[in-house]
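Got two chains here, each in a separate frame; can you build the complex from them with the hints?
For the protein sequence lines, the chains are A and B, in the order given. The first sequence maps to residues 1 to 129 in the working numbering. The second sequence maps to residues 1 to 362 in the working numbering.
If you're looking for bench data, these hints aren't it; they were derived computationally from the structure. Since we're looking at a predicted model, the values are computed, not measured. Watch out, some of these pointers could steer you wrong.
Derived Cβ-Cβ restraints for the label pairs, each shown as a range [unchecked claim]:
hint: 1; chain 1: B; residue 1: Q300; chain 2: A; residue 2: E21; range: 48 to 58 angstroms
hint: 2; chain 1: B; residue 1: R76; chain 2: A; residue 2: D87; range: 43 to 53 angstroms
hint: 3; chain 1: A; residue 1: E21; chain 2: B; residue 2: R4; range: 49 to 59 angstroms
hint: 4; chain 1: B; residue 1: F356; chain 2: A; residue 2: E21; range: 49 to 59 angstroms
hint: 5; chain 1: A; residue 1: G23; chain 2: B; residue 2: K358; range: 49 to 59 angstroms
Using N, Cα and C, we set each Cβ at its ideal position, and we do this for glycine too.
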Amino acid sequence: MSKIPEDLHYASTHEWVKVDENGIATVGISDHAQEALGDIVFVELPEPGAEVEARAEVAVVESVKAASDLYSPASGEIAEVNEALIDNPQLVNSAPYDDGWIYRMTITDERDLGELLGAEAYADHCADE
Amino acid sequence: MGQRTSLHDQHVAAGAKMVDFAGWDMPLHYGSQIGEHHRVRRDAGVFDVSHMTVIDVGGSDAGGWLRYLLANDVARLGAPGKAQYSLLLNHEGGVVDDLIVYRRVAGYRLVTNCATRRKVLLWLARNSPGYNVQVEERPHVAMLAVHGPNSIELACGALPPDCAGAVRQLGNFGALEHEGRLVARTGYTGELGIEVMLPGEAAGELWGKLLAAGVKPVGLGARDTLRLEAGMNLYGQDMDENTSPLAANLGWTVNWRDAEREFIGREAVQRQRESRGQGEAAVLTGLVLEARGVLRNGQQVQTDKGAGVITSGSFSPTLKQSIALARIPWGSQSCQVELRGAMTPLKIVKPGFVRFGKRIFE
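If we strip away everything but chain B, and leave its shape as in the complex, we get (with noise of 0.2 angstroms):
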């Protein structure tokens, strides 16, 4: 038996296929996963997300180390109530994490990605010495995404009213603390919604009051196909620690505008970036499948300019066809793929499908 939410009970009462997932029982889908796909883009879906690894970050020098070990700059974040999307770079400008910062009142939160939770905590752990800061995991706390055109206006409906009525002013990327809650417009399909953290013995009552008002649950196999389409990347699948951010379509997460900031990576970066153009620079793309079939992670296609791989494939419920993320050399024009023993052209798109229910790629 694997680590369990606050809210298992309730996923084994909504009819949910169990499954593993990097060492916890989770929500695979709650009966059609395509069904909760189409939910989250045309009306509102919830997602129990308790297995990402929650880190706070005090200390009077809590700013100053996260300008140093995050790629994009905590110093853009302002006041409170901001979160900013951004990476863990090792010194050679590989991606140790993803996660999202959220400026807090008091202190900063990281929400780091679940099958590297060991790994990162011993990363924050290796890279502290010499700053004052407290680094603390909270593993009690949960996580609850509400995505979908709708989410918005059923979530606050199921939230207190003075904590609604802040959460519809709340701008993308926006965050606010309200009673033990942190709310903030992010997620994870491409779609308007709010994720909410709170206590996890509070997480069933929410959850309760979601469902009351017609949000439906949806499972990880859905959240996979909304991020695809929604052209985010999936850590471990389409990067990791051998995968510079410039071959990540991750670029715009390093932040440079402050020529006197040191941050982990950043010489192996800008080594990257000068010699990009030149040699065996990778870019990962995104590709749709205009026949039948659908494309499958790690599977190799052709380019013009030499081979590639698809590092997260599958079929995308709101086109009705197979769309890809893949690594593949830098100016490459056409791409094809062995489908079945023929060779069959792939369109290159940016990486991005879908947006607020809406194709997105021309």
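Excised from the complex, chain A in its bound form (with noise of 0.2 angstroms):
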């Protein structure tokens, strides 16, 4: 069974979203998402600065089984990517809540997040797959 931290926003493509008091949110792929994917070769990190829209490929995540895009769970400003993925994206299969983190954004609407589905919703939404 694949672990569902309750405190995160999960969107329906198995992106996980987490937002700090400063209303930066880090994102990344659900534990569901690495197991199902196998060893994680190359993520290819979107550029800092850019601006995304919520649903947008913004990361493209290829295992040694198949290459996966990453959608934005929400619109903003992309400020920070984790460039320890580009040496070592294994990072992504053994912490994907932590040191797997793939980047992180400012939110320009919050409203996005009220799209997103909490864990116990997401658990579901992976039990139905």
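In structure tokens:
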């Protein structure tokens, strides 16, 4: 059974978001997603400063098995990317919610978060797939 | 639920992620495919390949029949105790299956693919009338492949001492039989190693001893990246019934030395040979991506001589870059692939990227 932390928001496309006290959102892929992908070998990161739209492709996670697009869970501006993933993409496998985070962004419209799933709803979503 | 090998419970106990593979429940990996891949390149791993089809061939015409059925010549095996890679061709020169044939003390053994089982058994039956042969499938035979630089030493510790002594003496493609086991220096990884066939009920004990000796279980995921690095074809992907061995980098398996030998596909492959270099001949080549990204099966490539297709593409854990096998026009000098909207150059190399843990192309 994959881990689904209670305090995160989830997209049905398997990204997670955590918003800190300064309004900065950290985005990654869920434990369920990394497990389904298998060993991750490349992460194509977005450019810091880029404007992104909610549900638009922002990054690509490539595993031995497949390439998977990552969709931004919210609209806003990329603030920072996890450069550790360039040399060590397997952090996404080993720590999808911690060291395996993918990028940080400022969110233009908080209402985007309202469209996302809570932990329980996301667990149901994974079970239905 | 699919068919299970005699080691199913051992896989589950080792934490395997089980997947369907041509109707069998097989381990994809036991946690990390890449970790298992490195284990085979650097130390020793064991694969359960009991899903492969094992077929024994006996009868007074067994040798003559296999000389007719197989593109390589079993007469070259000489005395018992040798194995040979070979192809079953159809009359059009397409590949029905690839296999290993073993010359046994009595008769021969064929090990063919799992996904082609029904087709191969039918093909053998259809082509046997007129020959005194007994063709018998051995579904209860288990098969373990132990590969890696330390594989033979560790495997020998898990085998009875008199068997181990003989295994240490085996050369590449050498084979021996010992108390119901058939052990051969064959494999699908480009590393040192052996394959052990034994009764299904004895497989658990050998598996347990291998793991106790420090050999790690390896799933089908790493098996695929290992064979791709070794430049070995996967049937159904890199070749099939519509592929000439010449377009599959397997011309070397077709044995022409005995000009009198009739074998299925001979005339067709002879014609393909004569027309080589003219028209639309294709070759299977190796490709290396220097840029970041992963080449995938089915992706189109463009060469200076026309379009081609990637038949097997993946990430090479040893080289830390993407490699592929691709079928491209004969004589191509340069090759490109579209990656994220940009045409990206690929290096064309001979199929074969890694051998004995080391990069082998220029």
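Tested hints:
no.: 1; hint: B:Q300 - A:E21: 48 to 58 angstroms; result: holds, 49 angstroms
no.: 2; hint: B:R76 - A:D87: 43 to 53 angstroms; result: holds, 49 angstroms
no.: 3; hint: A:E21 - B:R4: 49 to 59 angstroms; result: holds, 53 angstroms
no.: 4; hint: B:F356 - A:E21: 49 to 59 angstroms; result: holds, 55 angstroms
no.: 5; hint: A:G23 - B:K358: 49 to 59 angstroms; result: holds, 51 angstroms
Consistency note: the structure conflicts with none of the earlier hints.
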